[in-house]
Amino acid sequence: MLSAASFAAALAAFLVLAVLTLTLWRDRPGALSVVVASLLTAGWAADLSSLPLHDDARELILASGSWELMRAAGWFVVLLAILHRMHGHTQRGKRTLRLWAIVLSGFLLLMLVPVVGPELGLDGVYGLALLLMTIAGLVLVEQVYRNTPEQERWGIKLLCLGVGGLFAFDLFVLADLVLFQAVEATTAQARGLINALVVPLVAVSLRRQLPRGLAPTVSRHLVFHTAALTGAGLYLLAVGAASYLLREFGGDWGALLQSALLFGAGLLLVLVLFSGSFQARLRVLINKHFFNYKYDYHDEWLRFTATLSKEHDELPFRQRAIYAVAELVDSPGGVLWVQNPQGDYDLEGVLNLGEPNHPPEPQTGSLAQYLFESGWVIDVDEYRDDPAAYPELALPEWLLANPRYWLVVPLLQGSELTGFVVLAQPRAPRPIEWEDRDLLKIAGRQLAVYVALTQVGEALAEARQFETFHRLAAFLVHDLKNVSGQLSLVLANAERHRDNPEFLENAFRTVGHARERLDRTLAQLRNAQPEQAAPAQRVELGAVLRQVLQALHGEPQPELTVEQEVQVIADQERLANVVAHLVRNAQDATPADGWIRLRLSQREEWGYIVIEDTGQGMDEAFLRERLFRPFQTTKGNAGMGIGVYEAREYIASLGGRIEVSSRPGAGTRFTVQLLARGSAESSLAAAG
1 MLSAASFAAA LAAFLVLAVL TLTLWRDRPG ALSVVVASLL TAGWAADLSS
51 LPLHDDAREL ILASGSWELM RAAGWFVVLL AILHRMHGHT QRGKRTLRLW
101 AIVLSGFLLL MLVPVVGPEL GLDGVYGLAL LLMTIAGLVL VEQVYRNTPE
151 QERWGIKLLC LGVGGLFAFD LFVLADLVLF QAVEATTAQA RGLINALVVP
201 LVAVSLRRQL PRGLAPTVSR HLVFHTAALT GAGLYLLAVG AASYLLREFG
251 GDWGALLQSA LLFGAGLLLV LVLFSGSFQA RLRVLINKHF FNYKYDYHDE
301 WLRFTATLSK EHDELPFRQR AIYAVAELVD SPGGVLWVQN PQGDYDLEGV
351 LNLGEPNHPP EPQTGSLAQY LFESGWVIDV DEYRDDPAAY PELALPEWLL
401 ANPRYWLVVP LLQGSELTGF VVLAQPRAPR PIEWEDRDLL KIAGRQLAVY
451 VALTQVGEAL AEARQFETFH RLAAFLVHDL KNVSGQLSLV LANAERHRDN
501 PEFLENAFRT VGHARERLDR TLAQLRNAQP EQAAPAQRVE LGAVLRQVLQ
551 ALHGEPQPEL TVEQEVQVIA DQERLANVVA HLVRNAQDAT PADGWIRLRL
601 SQREEWGYIV IEDTGQGMDE AFLRERLFRP FQTTKGNAGM GIGVYEAREY
651 IASLGGRIEV SSRPGAGTRF TVQLLARGSA ESSLAAAG
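For the sequence shown, the UniProt record's numbering begins at 1 and goes up steadily by one.
These are computed hints drawn from the structure, not numbers from a lab. Be aware that one or more of the hints could be misleading.
Below, simulated SDA-like cross-link-like pairs (lysine to any residue); rule was C-alpha separation at most 20 Å, straight line [as the list claims (entries may be wrong)]:
1. K94 to L128
2. K310 to L453
3. K157 to L201
Pair ranges (Cβ atoms, derived) [claimed, not checked]:
4. Q143 to A388: 58 to 64 Å
5. R153 to G414: 44 to 50 Å
6. E300 to F622: 57 to 63 Å
7. G43 to A175: 20 to 26 Å
8. E142 to G106: 17 to 23 Å
9. T454 to E142: 37 to 43 Å
10. W434 to F249: 18 to 24 Å
11. E659 to D346: 52 to 58 Å
This structure is a prediction, so every number in the text was calculated from the model and none was measured. Just so it is clear, CB atoms sit at the ideal spot from N, CA and C, and this is done for glycine as well.
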């Protein structure tokens, strides 16, 4: 009697658990496996409650047949379902699940033992198999609990405790059965009641689980287009029926009215289907009645980011920024306000709202302060109806006076208000709910980053323009200094050599060269670009060196040695300027009693111009860190510090290089290395 009552309690408890799971918690993860395990346990309890109590409780356990295995297998499935939900997507989790599936299959094969056992004397083997399955169940409970993330253990803790308790008590009972071939009757009778005590723990654990999403998995776009096509189909059926009635009963006017009806109905259908207002209303209707949430956040965010990221779009960035936000709530346009360097907010973008001319919004104004402090999306219509809904906010007159203005979305970046967007009234009337506000606030933060990056990019582009002009001015001053130096030498020697025809010829040549240089400089200023290289031509380096020495004055006079004539491909004038600059630097650094030597030679495919002096020299740190950097000089205020930099850049553009060796007080040697004509022409042909 006690045994029947104990197992009847288990039967009733697990049936109630199965019903509750199917009715109240069917949306919980793993609910189906709990229902299966509960029904198998209820079947096990029903089977045992119908058996008579044996003198030896061992017979009561063995007589339950395969129900023992099926009951344990049911809770195995519950645990494996939890394990699959947590780790079924990883390779390690898949391997673990396969291993436990093999173990469970092996135990289920032992369901055949009760059939053949009495004839073969395998009762002991059956009891051992049940004991091993119980131990495996305890191991599986531990695996599930340990592999569940700590923040999610609260939901499965009671279930693991209950199922683990079942397996632990079975271990106690089956250990006696296997080791001592006997089980106390009271212990065996209590199994039903103990199983019933586990039901509340499982029920509470199920209730703690978060429900699975109930929204349909069908695409919102599919529902939208299906609804539109369905409506269009019903409309065409109605038009067809009306057309048939007109033709049948319209008499002489029937055919005429039918044609007019079909054309008008078709035109109306096209107008409706392509109407933004109709699409907006249909979208609101579908989101309201078919989905838990109004937005498909995955699609909305991809579309929002794609709109902002279009680099070569015909729509400028500020208009695209407005469009990206407005598209989220079916607004046709708006205006964008961005913070200026003074901290106030200027109107910088307009989309589909004409050409408004609003004054700057001050940083200390009520609107900017409210947006900065609250980060709230302002519903202008709501403010017009009830200003008290927005305490401590006074909207400016330009915002209230225009009935087309609808929402104000703040653009917050960190702790700064980068700007704000004022959206136009939507295509279809719609209330603004928490979901709209959250989406707009997140979009506003994302847009604030794009606006800030755009401002930084524009500032960088402006800085680069200034850098170009500064660099151009530096080269201009450098060229003017060189021209001034040449003319100063002519004036300094004019008193002594004015009657010397050779001097006069050199003086006129120098003045002509200065005029050409100034003309090129003026052309550069008109084009706002640094000097561009002239077309490449064959140049005799020996002739270039002689030209340079002939134009130079001052002490010490350079000595030229030409070991071998070398031809290169270059702009002769620019190359002569490079050599002249290096020689003048040597003159500036060398005392009058020193010497400067130029040597021209060729080794293999390279031509070499070596300029040596016995001047003051340069230390290692200056050579390494400052010599080839612009605006670095050893001449103090007398030099610009860009001549050597310009020389290196031009020689490098010809495929050559400049090497320098120097020591303080021991002079300097510059080696200009250039491709000889044959190799240079080959390189140009390969590049072409």
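Hint check results:
1. Between K94 and L128 the alpha-carbon distance is near 29 Å, which puts this suggested pair outside the 20 Å criterion.
2. Distance hint between K310 and L453 is fulfilled; the C-alpha atoms sit about 14 Å from each other, no more than 20 Å.
3. Distance restraint check for K157 and L201: the Cα-Cα separation of roughly 9 Å lies within the 20 Å cut-off, and the hinted pair is therefore satisfied.
4. Between Q143 and A388 the beta carbon distance is about 59 Å. The supplied range of 58 to 64 Å therefore holds.
5. Take R153 and G414: their Cβ atoms lie about 36 Å apart, and the range 44 to 50 Å is violated.
6. Between E300 and F622 the beta carbons are some 60 Å apart, a value that agrees with the proposed interval 57 to 63 Å.
7. Taking 20 to 26 Å as the suggested C-beta distance range, the pair G43 and A175 conforms, at roughly 25 Å.
8. Separated by about 20 Å at the C-beta atoms, E142 and G106 satisfy the suggested range of 17 to 23 Å.
9. Between T454 and E142, the C-beta spacing of about 56 Å breaks the proposed range 37 to 43 Å.
10. Judged by the Cβ atoms, the range 18 to 24 Å given for W434 and F249 is violated: they are separated by roughly 55 Å.
11. At about 54 Å, the CB distance of E659 to D346 agrees with the hint of 52 to 58 Å.
The structure fails hints 1, 5, 9 and 10 (numbered hints given earlier, in ascending order).
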